[in-house]
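Work the whole structure out from these sequences, hints included.
Here is what each chain is made of, one letter per residue.
Protein chains: 2
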Amino acid sequence: MSPIYDRVALIGLGLIAGSMSHAMRRADLAGEIVGTARSPETRAIAEEIGLCDQIVATNAEAVEDADLIVLAVPVGAMGAVAAEIAPHLKPGATVTDVGSVKKAVVEAVAPHIPEGVHFIPAHPLAGTEHSGPRSGFAELFENRWCLIVPDENTDAQALDRLTCLWEAMGSNVETMDAEHHDLVLAVTSHTPHLIAYTMVGVADDLRRVTDSEVIKFSAAGFRDFTRIAASDPTMWRDVFLSNKEATLEILGRFTEELFALQRAIRTGDGDQLFDYFTRTRAIRRGIIEAGQDTDAPDFGRVAKKP
Amino acid sequence: MSPIYDRVALIGLGLIAGSMSHAMRRADLAGEIVGTARSPETRAIAEEIGLCDQIVATNAEAVEDADLIVLAVPVGAMGAVAAEIAPHLKPGATVTDVGSVKKAVVEAVAPHIPEGVHFIPAHPLAGTEHSGPRSGFAELFENRWCLIVPDENTDAQALDRLTCLWEAMGSNVETMDAEHHDLVLAVTSHTPHLIAYTMVGVADDLRRVTDSEVIKFSAAGFRDFTRIAASDPTMWRDVFLSNKEATLEILGRFTEELFALQRAIRTGDGDQLFDYFTRTRAIRRGIIEAGQDTDAPDFGRVAKKP
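Taken in order, these protein sequences are the chains called A and B. Throughout the first sequence, residue numbering follows our numbering, covering 84 to 389 in sequence. Throughout the second sequence, residue numbering follows our numbering, covering 84 to 389 in sequence.
One should not assume that every hint holds.
The list treats identical chains as interchangeable, and a pair is accepted whether it falls inside one copy or across any two copies.
[Unchecked claim] Pairs of lysine to any residue, SDA-like flavour, derived with a Cα cap of 25 Å:
| id | residue 1 | residue 2 |
| --- | --- | --- |
| 1 | 173 | 147 |
| 2 | 327 | 354 |
| 3 | 327 | 338 |
| 4 | 327 | 357 |
| 5 | 186 | 236 |
| 6 | 327 | 289 |
| 7 | 327 | 352 |
| 8 | 327 | 139 |
| 9 | 186 | 197 |
No lab work stands behind these hints, which were simulated from the structure alone.
See below:
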């Protein structure tokens with residue numbers, strides 16, 4: 084395949100940008116990949132492992148002459164980065180991002196984007212609980228969705244090109260508006276994360292059950308929560324602060340339902356519990372059929388001997 | 084290895100009993116395995132796949148001359164089964180169970196156990212989201228904990244023998260009292276399950292986000308919740324009804340913490356969120372070091388094309 088973009092600038096060199104670099108190289112999608120990160124340590128590691136063709140020290144240098152600029156920093160840092168790079172952007176270039184929240188990113192970034200430069204927000208629904216420049220791998224986006232959030236003024240050709248890039252990295256692409264994106268993600272990702280963090284925190288706090296008991300007996304259930312709750316703290320802080328409205332809405336519904344089930348437990352209403360648990364089984368079936376997970380029993384995963 | 088028990092009776096032929104049968108056969112731990120289940124369909128499947136040496140139609144027949152009787156039915160059914168088998172138990176036999184709750188099982192089963200028969204409750208912390216006679220496999224208990232709940236009158240020799248069986252099936256065995264077991268499990272398993280069920284139910288209810296969107300975009304987070312929420316509804320109904328006290332206590336703490344984080348989101352207190360999320364990361368590390376999960380990034384699991 085001939086490169087989709089001649090020069091790509093990656094700003095922020097964590098799991099997502101790192102994986103993009105691997106995926107773009109694998110399929111020869113970029114003529115040249117330039118990377119930068121705020122921390123000198125991150126830049127040094129990226130240099131050491133050869134993550135990009137070139138590692139530079141400043142955002143301004145990174146975007147110089149770039150055809151695609153990927154903002155891969157925590158959501159709360161996007162506005163400042165946009166302001167910094169704005170004067171250095173090449174006319175005709177496309178700026179995109181990979182943030183987990185879209186409305187707040189559009190509000191923070193769009194005002195800085197100069198006339199003649201395209202801004203097309205995106206969000207690859209992919210990740211692991213690991214972070215940092217060493218955590219990326221080329222397969223991360225394979226068969227994962229990438230949600231692109233254009234608006235009515237988005238240039239069709241620039242949108243096609245960005246869509247091509249994500250598809251060539253293995254993603255399935257869908258477009259939706261920013262507000263709907265944030266609601267969907269509040270349900271499928273943000274609220275579940277907050278809940279997992281909370282449950283792990285409760286376990287840690289409980290005096291009558293020791294941490295070592297919690298850890299030893301983390302059978303199915305809690306163990307999967309800890310996996311979620313091990314995700315990058317900075318990223319998630321920014322997600323909740325910037326998708327406040329939708330997260331609080333879903334949290335409100337969640338506690339309402341939880342109280343209803345709690346009441347069923349207290350009053351011994353077995354039928355209500357049984358009906359509820361039966362209904363949720365069907366959703367799982369749908370996810371397997373949609374190819375987003377396998378049917379292999381996972382709780383029995385073979386672990387190494389302690 | 085020479086058999087630990089000459090004749091083992093499995094009452095209920097779901098995931099756990101089925102896996103026990105496979106595991107006992109693999110290591111030649113039982114002279115003969117007799118199985119029974121309430122539903123004729125389950126018995127027919129067990130017969131068809133040769134799950135036990137003998138499948139019988141009634142609990143009374145199953146326990147006849149058995150040295151070990153395993154109650155592997157939902158927690159709510161344990162008492163009735165115990166009453167039914169009591170007159171048919173051989174003196175010196177051991178009755179055990181595999182229920183996820185221990186205090187309620189002891190209360191329901193112990194009064195029926197005749198003098199001269201040992202009752203030693205147990206709980207293997209192992210499972211998958213699948214159920215039924217076809218779902219078992221010999222490796223299910225490998226490197227998983229089995230909690231045995233003796234009391235001050237438990238016969239030491241009978242306890243040793245049951246411990247040997249679980250260890251020979253691959254488990255690590257620990258003993259604790261019934262009340263503490265129920266609290267530990269409320270934290271590490273029962274409450275996480277209820278929360279996962281609730282979150283999946285909320286997603287399903289939400290009118291503005293379609294089920295197909297929820298299913299398609301079930302990135303890390305929600306996807307793991309659906310796996311948990313696909314577990315057997317009857318089993319879980321009984322767990323919550325019979326571990327009411329501890330579950331409600333942990334749920335109370337959970338909602339308290341959740342409200343504190345919700346408030347931090349509403350007021351924009353990023354430091355509180357960051358600190359909380361940083362703390363929960365450490366617990367994950369402990370679980371990996373304890374060998375209960377691997378460090379391999381899981382969210383990026385390669386899924387089949389839709």
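Quick rundown of the hints versus the structure:
1. 173 / 147: within (7 Å within a copy, 85 Å between copies)
2. 327 / 354: between (35 Å within a copy, 15 Å between copies)
3. 327 / 338: Result: close both inside a copy and across copies, 16 Å intra and 18 Å inter.
4. 327 / 357: Classified as between; 15 Å across copies, 33 Å inside a copy.
5. 186 / 236: Result: close within a single copy only, 16 Å intra versus 64 Å inter.
6. 327 / 289: Only across copies: residue 327 and residue 289 sit 18 Å apart there, 28 Å inside one copy, limit 25 Å.
7. 327 / 352: Between copies only: 11 Å across chains, 34 Å inside a chain, cut-off 25 Å.
8. 327 / 139: neither (34 Å within a copy, 59 Å between copies)
9. 186 / 197: within (19 Å within a copy, 68 Å between copies)
Checked against the numbered hints given earlier, this structure breaks only hint 8.
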